[in-house]
Structures are given as C-alpha cells and as structure tokens.
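Asks: Based on the sequences and whatever the hints tell you, model everything.
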Amino acid sequence: MGEEKEEYSIIGRPLIKVDAMAKVTGETKFADDLALPRMLHAKLLRSPHPHARILSIDTGPAEALPGVHAVLTGRALPIKFGILPVSQDEEALATEKVRYVGDPVAAVAAVDEETAEAACRLIRVEYEVLPALMSVGEALAREDVRIHDYGPRGNIHKEVALEFGDVEEGFAQADHVREDVFFYEGSTHLPMEQHAALAAHGPDGKLCLWSSTQTPHYVHRALAKVLELPASHIRVIALPNGGGFGGKSDPFSHEIVVCKLSMLTGRPVKICLTREEVFYAHRGRHPVTLWFKTGVTRGGAITAMHFRSYLDGGAYGSYGVASLYYTGALQTVTYRVPRYKFEGVRVFTNKPPCGPKRGHGTPQPRCALEVHLDKLAEALGLDPSEMRRRHLVQPNSVTVNQLRIGTVGLGECLDRVVERSGWKAKHRKLPFGHGIGVAGSAYISGAGLPIYWNALPHSGVQIKIDRGGGVAVFCGSTDIGQGSDSVLAYVAAEELGIEPEDIRVVTADTDLTPVDLGSYSSRVTLMTGNATIQAARKLKAQLFEAAGEKLGVPFDRLRAAHRRIFDRDNPEAGIGFVEAAVLAEAKFGTLGAVGSYTPPKGLGKYKGAGVGPTPTYSYSAAVVELTVDPETGFITVDKVWLAHDIGKAINPLLVIGQIEGSVYMALGEALMEEQAFRKGVHKIPSMLEYKSPTFLETPQMESILVETLDPAGPYGAKEVGQGVLLPVVPAVLNAIYDAVGVRIDEVPASPEKIVKALEAQRRGRASGNGRLPSVTFPEPTVVQPTGA
Amino acid sequence: MVPSPTLAVNIAPLRDVHKALIRLRVNGETHEVYVPVHKTLLEVLREDLNLTGTKHGCELGECGTCTVLVDGEPVLSCLALPIELQDRDIVTVEGLAERGVPHPLQVAFAELGAAQCGYCTPGILVAAKSLLDQNPRPTLDEIKEALAGNLCRCTGYIKILEAVELAAQRMTGNWKRETGNWGTGSGA
Ligand code: FES
Ligand code: FES
Chain A
13 MGEEKEEYSI IGRPLIKVDA MAKVTGETKF ADDLALPRML HAKLLRSPHP HARILSIDTG
73 PAEALPGVHA VLTGRALPIK FGILPVSQDE EALATEKVRY VGDPVAAVAA VDEETAEAAC
133 RLIRVEYEVL PALMSVGEAL AREDVRIHDY GPRGNIHKEV ALEFGDVEEG FAQADHVRED
193 VFFYEGSTHL PMEQHAALAA HGPDGKLCLW SSTQTPHYVH RALAKVLELP ASHIRVIALP
253 NGGGFGGKSD PFSHEIVVCK LSMLTGRPVK ICLTREEVFY AHRGRHPVTL WFKTGVTRGG
313 AITAMHFRSY LDGGAYGSYG VASLYYTGAL QTVTYRVPRY KFEGVRVFTN KPPCGPKRGH
373 GTPQPRCALE VHLDKLAEAL GLDPSEMRRR HLVQPNSVTV NQLRIGTVGL GECLDRVVER
433 SGWKAKHRKL PFGHGIGVAG SAYISGAGLP IYWNALPHSG VQIKIDRGGG VAVFCGSTDI
493 GQGSDSVLAY VAAEELGIEP EDIRVVTADT DLTPVDLGSY SSRVTLMTGN ATIQAARKLK
553 AQLFEAAGEK LGVPFDRLRA AHRRIFDRDN PEAGIGFVEA AVLAEAKFGT LGAVGSYTPP
613 KGLGKYKGAG VGPTPTYSYS AAVVELTVDP ETGFITVDKV WLAHDIGKAI NPLLVIGQIE
673 GSVYMALGEA LMEEQAFRKG VHKIPSMLEY KSPTFLETPQ MESILVETLD PAGPYGAKEV
733 GQGVLLPVVP AVLNAIYDAV GVRIDEVPAS PEKIVKALEA QRRGRASGNG RLPSVTFPEP
793 TVVQPTGA
Chain B
90 MVPSPTLAVN IAPLRDVHKA LIRLRVNGET HEVYVPVHKT LLEVLREDLN LTGTKHGCEL
150 GECGTCTVLV DGEPVLSCLA LPIELQDRDI VTVEGLAERG VPHPLQVAFA ELGAAQCGYC
210 TPGILVAAKS LLDQNPRPTL DEIKEALAGN LCRCTGYIKI LEAVELAAQR MTGNWKRETG
270 NWGTGSGA
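Note that the protein sequences, when read in sequence, are chains A and B. In terms of the working numbering, the first sequence opens at residue 13 and continues consecutively. In terms of the working numbering, the second sequence opens at residue 90 and continues consecutively.
Since the hints were derived computationally from the structure, they do not count as laboratory data. Bear in mind that the values here come from a model prediction, so they are computed numbers and not experimental data. Where hints are given, some of them may not hold.
Covered stretches of chain A (in silico footprint by chain B; criterion: 3 or more residues with CB under 8 angstroms from a CB of chain B, positions within the stretch not fixed) [said to hold, decoys possible]:
1) 40–54
2) 194–207
Here are the simulated EDC-like pairs of lysine to aspartate or glutamate, each with C-alpha atoms no more than 20 angstroms apart in a straight line [stated by the list, open to error]:
3) Lys233(B) - Glu709(A)
4) Lys703(A) - Glu234(B)
5) Lys550(A) - Asp478(A)
6) Lys438(A) - Asp650(A)
7) Lys476(A) - Asp514(A)
8) Lys695(A) - Glu151(B)
9) Lys562(A) - Glu511(A)
10) Lys108(B) - Glu125(A)
11) Lys438(A) - Asp641(A)
12) Lys41(A) - Asp137(B)
13) Lys265(B) - Glu231(B)
14) Lys41(A) - Glu136(B)
15) Lys550(A) - Asp521(A)
16) Lys703(A) - Glu151(B)
17) Lys41(A) - Glu148(B)
18) Lys41(A) - Glu183(B)
19) Lys387(A) - Glu191(A)
20) Lys233(B) - Asp650(A)
21) Lys218(A) - Asp521(A)
22) Lys651(A) - Glu267(B)
23) Lys441(A) - Glu431(A)
24) Lys305(A) - Asp192(A)
25) Lys41(A) - Glu132(B)
26) Lys765(A) - Glu197(A)
27) Lys703(A) - Glu148(B)
28) Lys108(B) - Glu121(B)
29) Lys619(A) - Glu791(A)
30) Lys108(B) - Asp124(A)
31) Lys651(A) - Asp230(B)
Note that the Cβ used here is the ideal one computed from N, Cα and C, for glycine as well.
Replies: This is the structure we're talking about:
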C-alpha cells in the first residue's frame with residue numbers, strides 16, 4: 013500500500029480532473045437534470061409546528077384535484093429508518109407526531125410541480141400543538157414533554173462518560189489549571205445544489221432511484237427496509253453531487269417518498285427540494301456548549317484534561333450518537349494528553365435534525381481547545397505556537413484513549429505557517445486592531461469502523477481491461493466535487509502505466525459497482541485508493557507475465573508507464589499497453605480483477621471505542637491575520653496560511669482546492685454563518701439572509717503541503733477534505749484577541765459580539781459564556797491507559 | 090387545514106394558465122415554445138429546451154447559479170420571463186464553446202480546478218464571459234465585483250479568481266496577474 017516507487021508518472025502531478033470538461037461545459041448531469049417519459053412531480057407537505065400531535069389527515073380534496081395521481085401519508089410507510097442502527101427514529105412521513113417545522117407529513121405526485129403544490133395545500137391536517145423545546149436547557153428542564161420515547165431519560169438522546177487515567181491526580185500535579193466555557197453555534201452545509209431524487213418502479217418489479225446523495229449504499233439499505241423490497245430488486249444511483257459537505261449523507265424522506273409514489277402510480281416520479289426545504293432538511297453542524305478544564309506544567313505540558321460537551325441535536329437521531337462521541341474523541345491526537353476525561357450529552361430539541369458537516373463533531377471541541385490553549389500559553393508566558401510545538405503527540409504511539417497514531421506532520425505544519433506568516437515579528441506586536449492567531453488540529457482519514465458493524469470491506473473496486481486496451485474502473489464511491497472519480501483514474505493509471513484519460517470510471521451505482529460506504533468521514537481517497545491498487549496490481553501481474561514472455565525479460569525487471577510495458581534496465585525493450593492487454597487476454601482469458609479495503613481494527617475495547625480510530629490521522633496548522641474595526645466590530649480577514657499533512661498529495665491541485673474550500677467554509681462559520689431559530693421557525697431559511705462569504709470577502713490564502721508518506725495510505729496519502737477546516741476557526745478567535753484584546757469564546761464571532769465585548773472591557777466587566785446546562789452525567793467508564 | 094406560516098408557496102391559478110407562443114434565440118438558434126406566460130426563463134431553458142447546463146440554487150434571485158447572458162449582460166434566469174425576452178440574444182453555458190472548441194474561460198477553469206462540484210460553474214462562467222467581453226483586463230477587485238452575486242460553496246473562490254485572470258491573460262497577451270503573488274499552493 014504505502015510503499016514508495018522510485019518515481020511516479022501520474023501520482024503527485026497537478027492533472028485536470030477526469031470530469032473537468034464535462035463540468036465546465038454544463039454536460040454533467042445532476043439529479044434534477046434528469047427527466048423520464050411520463051414522469052410525475054412530487055411535493056411534500058411539511059409541518060408548520062415545531063412540536064404537535066397529528067390528530068387527523070384528510071387527503072380527499074387533494075386527491076380530487078385534476079392532475080393529481082397519488083397522495084401519500086405516513087400510514088403507507090410505517091417502518092422507521094435512520095442512518096445509524098441505534099437511532100432508527102425517522103419516518104418518511106410523520107404518523108403520530110411532528111417534531112420540527114418542516115417535518116414531512118404528506119406527499120403528492122402530480123402532472124407538474126404546481127399541481128402537486130396546490131394539492132398539498134388542499135390536504136387538511138388537524139394538529140394538537142405540544143410545547144416546543146427549542147434549546148438544550150428547555151429540553152432538559154421539561155422531562156415531562158418527551159420528543160421521542162427512547163433515550164436514557166427525558167429528552168436525552170445519548171449520554172457518555174469515559175475516564176482514561178486519573179484526571180484528579182493529573183490536576184494535582186499541574187502548575188496551572190484553567191477552565192473555560194465556549195459556545196459554537198450551528199450552521200448548515202448550504203450546498204449550491206438543492207437535493208433532488210427521481211424514482212422509477214418498472215413493470216419488472218424493480219426499483220431504481222437516482223439521487224443527489226453522498227451515501228448511495230445507505231440509501232439502498234433504508235429503501236429495502238422501509239419499502240420492504242429485497243435489496244437485490246433496488247438500484248440506487250448517486251449522481252455527482254452539487255456540493256454535499258455532509259448534508260446529503262442521510263437517507264431522506266423525499267428519497268423514500270418518490271420511490272413509494274412511483275410504486276403506487278407505475279410512473280417515474282421526481283422531486284427537487286426548494287431552497288427553504290434544504291434549510292429544513294439540514295443535518296448540519298450541532299450547536300454545542302463546551303467546557304474544558306486543563307492542567308499544565310510551567311513548560312506547557314498537559315497533565316490532565318477534563319472535557320464536557322452538550323449537543324443540541326434537533327428533532328432526530330441522524331448521525332448524532334457518532335457526532336457526540338466525535339466531540340470527545342480527537343482531543344488526544346494532537347498534543348500529548350496523559351489523563352483524559354470526557355462527558356457528553358446529546359439532547360433532542362424541536363428543530364431540524366443536526367448531523368455531520370465537514371469535520372463532523374470535531375470542529376466545535378477543536379475550536380474551544382485551541383482557544384483554551386491560547387489562554388493557557390498566555391498565562392504561562394509562552395508563545396502559543398511554541399507551546400504546541402513542544403508537546404506534540406509522538407509518531408507511532410498510542411494515546412491515552414487507545415487511538416493508534418501513525419505519522420505526525422503537525423510539527424512541520426506549525427513550523428511552516430509560523431515561518432511563512434512572519435509570526436514571530438507579528439504576534440502581540442501588531443498595532444491595535446490588527447491581529448494574528450495560530451491553531452493546530454487533526455482529523456481521521458476514514459472511520460475505522462463501518463456504520464453497520466460487520467466484517468465486510470469498506471471499499472470495493474473492480475477493473476476490467478478489454479482487448480482494445482480500454483480500462484474501466486468500477487467503484488461505489490460518489491463524487492461530490494472532491495474528485496473521487498479522478499482519484500480512481502489516477503491510481504489505476506499509475507499502476508497500469510497508462511494515462512487517466514485512457515480510463516473510464518463508473519461509480520456510485522449499486523447495480524454495477526462494488527460497495528463503497530460513501531463520501532463521508534474523509535475515507536474515500538484512502539480506502540478506494542488502496543482497493544484500486546490491489547485490483548490493478550493483480551492485472552498488472554498478468555500483463556507483466558504476458559509481456560515478459562514475449563520480451564524475454566524477467567518479471568521483476570518490468571515497469572509500466574507511458575502506455576508501455578518495458579525493461580527497467582533497457583527501456584527500449586518493451587511493448588505497448590494494448591499489445592500487452594491482447595497477449596494477456598490470450599494467455600489468461602478475459603481480464604478483470606477486484607480489490608477491496610478494510611481498515612485495521614482499533615485497539616480500544618470500551619464502549620465508544622469505535623469512534624476515533626482511523627488508518628491514519630491528518631494534521632493541519634493555520635495562521636490567520638485579520639483586521640478588526642473596533643467601532644463596528646467588523647472583521648476583515650487579510651490572509652490565511654494553512655499547512656496540511658497530506659501524507660502524499662495524489663494530485664496537489666485537488667488537495668489545494670480542498671484546503672481553499674475548507675478555509676472558506678471555516679471563515680464562514682467563524683464570522684457569520686448561523687442556523688438560528690425564532691419560535692420554532694428558522695430565522696433565515698434563504699440564501700440572502702443566511703450570510704455566507706462571497707467573492708468580496710475572499711482573503712489571500714497560502715496553502716502549504718507537508719508530506720509524511722504514511723504507510724496506511726495509498727502511496728502514503730491521507731485525507732484533506734475535512735481536517736483543514738478545523739484550525740482556521742480557533743485561529744480567527746485567537747487573532748481577534750491579538751487584535752483588540754477581547755476574547756470571543758463563541759462562534760460565530762459576529763460584529764455585535766465584538767462590539768459588546770469591547771464595551772464590557774471598557775467598563776471593566778468580564779464577558780463570557782457563563783453557565784453550563786445542568787446535567788448529571790453517569791458514573792464514568794474507567795479505562796486504564798495502555799499507551800501514553 | 091393549518092396554513093404554514095413559513096413554507097408558503099406562491100402558485101398561479103391552477104388549470105386556466107395563460108399560455109403563449111414565444112420565440113427565443115438561445116446560443117444562436119431560434120426556438121419556438123408554447124408555455125405558460127409565468128414560466129421563468131430558467132424553467133423554459135431546462136424543461137422545454139433541454140438546456141440543463143443552467144442550474145438553480147434558490148429560484149429566488151439570491152445565489153447567481155442560474156445566470157445566463159441576455160444581449161451580453163448577466164441575467165438571473167430564475168427571475169426572467171421569456172415573454173419579455175423574445176428575439177433577444179440569450180447565451181447559456183452550452184453556448185460558450187464554439188464548434189466543440191471550449192472558451193478560454195472553460196479551459197482555465199478545468200485546468201486550475203476552479204470547478205469542484207461544478208454546480209455553480211455555468212453561472213459563473215457566463216458572468217465572467219460578460220466581464221471579459223466588456224473589460225478584457227480586469228483588476229482582481231473588478232473580477233470580485235463582477236462575480237459577487239454568484240455563490241460557490243466548494244472552492245473558496247480562489248481558484249475561480251485565478252482562472253478568470255488566467256483566461257484574460259491568454260485572451261489578451263501577458264500582463265501581471267494579481268493572484269500570482271498570493272503564494273497559493275506551495276508544494277511540499
Ligand atoms: S437560482 Fe436564480 S439566483 Fe438562485
Ligand atoms: S464548485 Fe461547487 S459550488 Fe462552486
């Protein structure tokens with residue numbers, strides 16, 4: 013896997029993506045671009061109440077409307093589903109209760125969208141309105157009003173308490189102990205493409221769904237369950253996603269509904285959510301209140317850390333159990349933490365469900381931790397970049413919570429951003445209003461465990477070579493703009509010694525392609541890359557054997573590159589790739605091979621140990637320089653330096669693209685984006701009101717790639733899609749403090765908050781986040797550290 | 090029925106929609122469509138003319154994704170009514186390449202990775218074309234200004250700015266690109 017070749021012909025080059033020309037010419041088909049003959053259009057009727065009991069639904073007048081072909085309620089789809097096996101709490105259409113404004117209640121298929129919409133308005137739903145619980149505090153206080161009837165108690169969806177080593181002992185050894193409270197507001201993915209899905213149930217009884225989903229495999233599972241069809245009769249095709257960022261990773265109501273409507277009407281049925289509905293579909297960043305208590309020595313070494321998180325989960329489970337565990341999992345993989353305690357809780361509220369957004373559960377604690385460390389460094393009189401640098405986690409070690417660390421490029425990342433930004437000359441030295449901040453971070457390159465715990469591979473690849481030299485790579489992975497289709501082509505081309513444009517990539521089709529679990533948890537390049545290498549090397553061996561025979565050159569001396577197979581010691585002696593393919597097919601029969609990848613098992617055996625392990629962690633460091641207008645609180649980000657331990661850049665152009673996109677998304681979260689509610693209703697369900705950065709707010713950016721060649725990754729590669737978002741948000745908060753001397757322990761750091769904090773400072777008052785929600789955590793599971 | 094305060098939809102009177110025969114010139118070709126007069130240009134392009142290259146992100150005039158050119162000026166097709174655009178010169182992303190040869194903007198976007206998911210790309214490409222047609226050597230601020238109405242969630246805008254500058258440079262001969270000194274992407 014990670015073995016190094018003397019030189020690569022494809023890997024490491026800034027090649028264009030295999031789908032780039034299709035994208036710039038408008039050829040790429042997204043889900044809503046599809047149309048089928050006799051296609052009907054669907055619309056969902058959604059709840060206007062944040063919390064209510066459904067007393068009755070009268071669909072009669074809607075059914076009578078000319079042009080309406082079917083009206084559906086939850087009675088026809090009673091089986092519950094959800095992305096995680098432990099939280100099967102969603103219904104395609106609510107049967108008894110609605111739990112947030114926007115919860116789907118009924119659906120219509122009609123000749124056109126307007127008719128479907130009009131029919132939805134004719135559906136009469138009688139509700140008994142229930143108290144709406146709109147915050148963690150309210151939901152905890154009203155144990156009498158339960159949003160769901162599962163979970164340990166009241167509205168607690170999930171609670172966790174883990175202790176690794178004796179933290180009290182660690183605090184006793186510390187020279188300095190500090191506590192901080194933070195609040196990280198929720199935000200949404202805002203993919204430019206609205207979710208769309210088209211279903212066709214054929215006369216042969218087979219069902220096909222085309223959808224803008226990041227996880228066709230899990231949609232496939234959910235459809236089989238809810239529709240009670242054999243999975244083998246269902247085909248799910250994921251179209252290229254017009255942006256995902258985690259927002260298209262759950263099986264959704266609208267996907268199930270169009271399938272059922274197609275089964276009922278015998279016609280293809282399509283739906284495209286409106287932008288407002290996309291805000292309600294959500295599954296975005298959890299709002300989290302966080303508390304850190306850390307003990308350090310005079311030199312800044314951490315002696316113990318105690319962390320608590322309180323997640324506002326919204327109305328359904330979604331990925332929430334994993335999100336909760338993730339808030340506590342990765343604190344230990346950057347700087348050495350010898351004793352660690354994590355307590356956390358996820359609470360149901362009557363808002364659109366939260367789920368995974370870029371960084372899934374880790375940006376909130378990472379932000380809080382990196383600001384907390386900045387404060388500790390200041391208290392100790394240490395340079396914050398230096399303090400981090402001195403106490404890095406060691407390569408090939410095991411953390412106190414039993415996570416296995418591979419290569420660690422964090423030190424070099426910190427060095428590079430510090431050097432490139434001129435940090436030493438700027439930190440605490442810039443004029444008032446100008447500031448600079450630093451932070452580090454780590455992220456997983458794919459989750460070590462699948463969502464359904466089983467022994468099956470996480471990623472499968474099949475390659476076929478035809479006698480014309482055509483190579484097709486089949487894989488279940490879904491291109492959401494990150495370039496996963498291109499990665500398949502680059503890796504196969506590298507191994508077989510041909511060019512990416514010689515390869516046809518077929519992806520994300522449950523009928524045609526081997527399973528890949530999906531485009532989430534930054535797993536795709538590492539897992540499909542390794543699976544592709546395995547499949548391609550089987551074919552390469554056949555090509556070499558056939559070519560070697562013809563050339564009279566021993567197997568070990570053969571190389572494949574530039575569409576030739578040749579003698580390493582005498583490159584003139586060789587044959588073309590097509591000829592080799594013909595010889596190999598004559599010798600071995602039809603040429604095809606499969607490869608698969610399963611991550612190594614994690615070390616931890618405690619409950620919750622499944623979240624955190626990964627084949628390899630990526631590392632990042634950011635320096636942000638910005639200007640704060642103390643009058644208005646308005647922030648201009650001047651420049652961002654971001655160094656990322658990518659392991660090995662399979663295509664540096666795409667790596668830098670992921671860095672720039674992550675930095676942008678981080679700045680949006682740090683400064684302006686918020687998914688906020690008023691009386692159960694989304695305050696800002698439009699792109700105009702939901703503020704996100706535009707071209708005008710684009711700062712200068714410098715991306716620095718650090719290569720550590722991790723043995724777990726294909727050619728040494730690690731992830732880049734998510735981890736680089738993490739250090740940017742706290743670097744912004746630390747830079748604000750450097751600029752104007754006030755701490756904003758809250759995200760987004762909007763102008764009002766800055767003005768308020770400056771005002772409080774002028775009056776000599778402390779500003780801060782004050783109180784934590786009152787929760788009694790269970791007795792912690794005590795895990796004796798093995799590594800550390 | 091409980092009316093929804095937040096998810097209200099505006100609907101034209103249902104069955105008796107007023108239809109009209111409309112002549113549209115799109116990418117140099119003339120089409121006749123018989124459509125309800127309230128149908129937007131976005132819908133007519135995508136649904137009646139099968140020109141699905143033009144995308145939508147909001148259908149409310151807020152994101153720029155649906156941008157097309159009308160007589161060389163960027164227009165949000167989700168807000169435009171075809172009946173008012175008869176015989177005007179409409180250009181969509183499908184009209185950028187000439188006889189299969191891509192426009193320099195398309196080449197630059199592909200080469201630099203300015204299209205990640207590619208969903209915002211058609212709208213941004215035509216808006217950028219309008220800018221370069223009128224101002225062949227724009228400053229970085231002028232490019233930002235011209236594209237400020239187009240949202241992109243993938244790229245952080247950097248590669249798009251670089252690609253517009255690169256295309257302008259190739260179309261006009263050399264001059265110094267401002268993004269050239271950003272130091273983006275120093276390798277390992
Ligand atoms: S779809 Fe027209 S501006 Fe968003
Ligand atoms: S490339 Fe995805 S929105 Fe711009």
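Asks: Each hint needs a verdict: does it hold in this structure or not?
Replies: Okay, the hints, checked on the actual structure:
1. 40–54: holds (count 6)
2. 194–207: Since three or more residues must qualify, the claim that chain B covers the region 194–207 of chain A holds, with 6 doing so at under 8 angstroms.
3. Lys233(B) - Glu709(A): Holds, at roughly 9 angstroms.
4. Lys703(A) - Glu234(B): 17 angstroms, holds
5. Lys550(A) - Asp478(A): At roughly 15 angstroms apart (the allowed maximum being 20 angstroms), Asp478(A) and Lys550(A) satisfy the hint.
6. Lys438(A) - Asp650(A): 13 angstroms, holds
7. Lys476(A) - Asp514(A): OK: Lys476(A) and Asp514(A) at ~13 angstroms, within 20 angstroms.
8. Lys695(A) - Glu151(B): 17 angstroms, holds
9. Lys562(A) - Glu511(A): Not satisfied, since the Cα-Cα distance of roughly 23 angstroms exceeds 20 angstroms.
10. Lys108(B) - Glu125(A): Within the cut-off at roughly 17 angstroms; holds.
11. Lys438(A) - Asp641(A): 18 angstroms, holds
12. Lys41(A) - Asp137(B): Holds: Lys41(A) and Asp137(B) sit about 16 angstroms apart, inside 20 angstroms.
13. Lys265(B) - Glu231(B): 15 angstroms, holds
14. Lys41(A) - Glu136(B): 14 angstroms, holds
15. Lys550(A) - Asp521(A): Violated: Lys550(A) and Asp521(A) sit about 24 angstroms apart, past 20 angstroms.
16. Lys703(A) - Glu151(B): 11 angstroms, holds
17. Lys41(A) - Glu148(B): 19 angstroms, holds
18. Lys41(A) - Glu183(B): At roughly 13 angstroms apart (the allowed maximum being 20 angstroms), Glu183(B) and Lys41(A) satisfy the hint.
19. Lys387(A) - Glu191(A): 10 angstroms, holds
20. Lys233(B) - Asp650(A): Holds. Lys233(B) to Asp650(A) sits at ~15 angstroms (cutoff 20 angstroms).
21. Lys218(A) - Asp521(A): Within the cut-off at roughly 15 angstroms; holds.
22. Lys651(A) - Glu267(B): 15 angstroms, holds
23. Lys441(A) - Glu431(A): Holds - the C-alpha atoms of Glu431(A) and Lys441(A) are around 16 angstroms apart, at most 20 angstroms.
24. Lys305(A) - Asp192(A): 7 angstroms, holds
25. Lys41(A) - Glu132(B): 16 angstroms, holds
26. Lys765(A) - Glu197(A): 13 angstroms, holds
27. Lys703(A) - Glu148(B): 17 angstroms, holds
28. Lys108(B) - Glu121(B): Measuring from Cα to Cα gives roughly 13 angstroms; hence the hint holds.
29. Lys619(A) - Glu791(A): 14 angstroms, holds
30. Lys108(B) - Asp124(A): Holds, at about 15 angstroms.
31. Lys651(A) - Asp230(B): The hint holds at about 16 angstroms.
Violated hints for the displayed structure, listed by number in ascending order: 9 and 15.
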